[in-house]
Amino acid sequence: MTTCPGGCTGGTPRPNDWYSQITNPITLALLKQQLRETLAAVEAREKVIHDSMRPTSPAEFQVLETQLEAALEEVRRMSQQHNR
61 MTTCPGGCTG GTPRPNDWYS QITNPITLAL LKQQLRETLA AVEAREKVIH DSMRPTSPAE
121 FQVLETQLEA ALEEVRRMSQ QHNR
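Residues 61 to 144 (the numbering used here) make up the sequence shown, in order.
Simulated from the structure, these hints should not be mistaken for lab results. Fair warning: there could be bad hints in the mix.
Here are the computed distance ranges between Cβ atoms for each label pair [unchecked claim]:
no.	residue 1	residue 2	range
1	Lys-92	Ala-131	41 to 49 Å
2	Asn-84	Glu-134	39 to 47 Å
3	Val-102	Arg-136	22 to 30 Å
4	Val-102	Arg-137	37 to 45 Å
5	His-142	Gln-93	31 to 39 Å
6	Glu-129	Pro-85	51 to 59 Å
7	Thr-83	Leu-124	47 to 55 Å
8	Ala-131	Ala-89	45 to 53 Å
9	Ala-100	Val-135	34 to 42 Å
10	Glu-103	Glu-133	41 to 49 Å
11	Leu-132	Pro-85	52 to 60 Å
12	Leu-90	Glu-125	44 to 52 Å
We treat Cβ as the ideally placed atom computed from N, Cα and C, and that holds for glycine.
Given the sequences, and given the hints that come with them, work out the whole structure.
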């Protein structure tokens, strides 16, 4: 038997629906608030990571531009072959 904050209704909950065993509305509200706060923290961290991956130096911009131009040329070649 599993112990849940706010009380459980018997049996071992499946890994993906442990919350369905919570029967106390206050516990559910607290869990919901914790999830919102955690999601906000995860989204903030995600933004930091994405921002840190952006090019910052002229050399990085040049490499990215060269790679994008090569990819665009490849797409154009593929498009021409497809339209034949």
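Here is what the structure says about each hint:
For Lys-92 and Ala-131, the hinted distance range of 41 to 49 Å is satisfied, since their beta carbons lie about 43 Å from each other. As the Cβ distance of Asn-84 to Glu-134 is approximately 58 Å, the hint placing it in 39 to 47 Å is violated. Range check, Val-102 to Arg-136: Cβ separation about 39 Å, and the 22 to 30 Å hint is violated. Hint check: Val-102 to Arg-137, Cβ distance near 40 Å, so the stated range 37 to 45 Å holds.
Range check, His-142 to Gln-93: about 52 Å between beta-carbon atoms, so the 31 to 39 Å window is missed. In this structure, Glu-129 and Pro-85 meet the distance hint of 51 to 59 Å, their C-beta atoms being roughly 58 Å apart. Distance hint check for Thr-83 and Leu-124: the Cβ-Cβ separation is about 54 Å, which falls inside the suggested range of 47 to 55 Å. Range check, Ala-131 to Ala-89: Cβ separation about 49 Å, and the 45 to 53 Å hint holds.
A C-beta distance of roughly 38 Å is found between Ala-100 and Val-135, which places it inside the suggested range of 34 to 42 Å. In this structure, Glu-103 and Glu-133 break the distance hint of 41 to 49 Å, their C-beta atoms being roughly 36 Å apart. In this structure the supplied range 52 to 60 Å holds for Leu-132 paired with Pro-85, their Cβ-Cβ distance being about 55 Å. The hint said 44 to 52 Å for the Cβ distance between Leu-90 and Glu-125, and at roughly 50 Å that hint holds.
Violated hints, in rising order: 2, 3, 5 and 10; the structure is consistent with all others.
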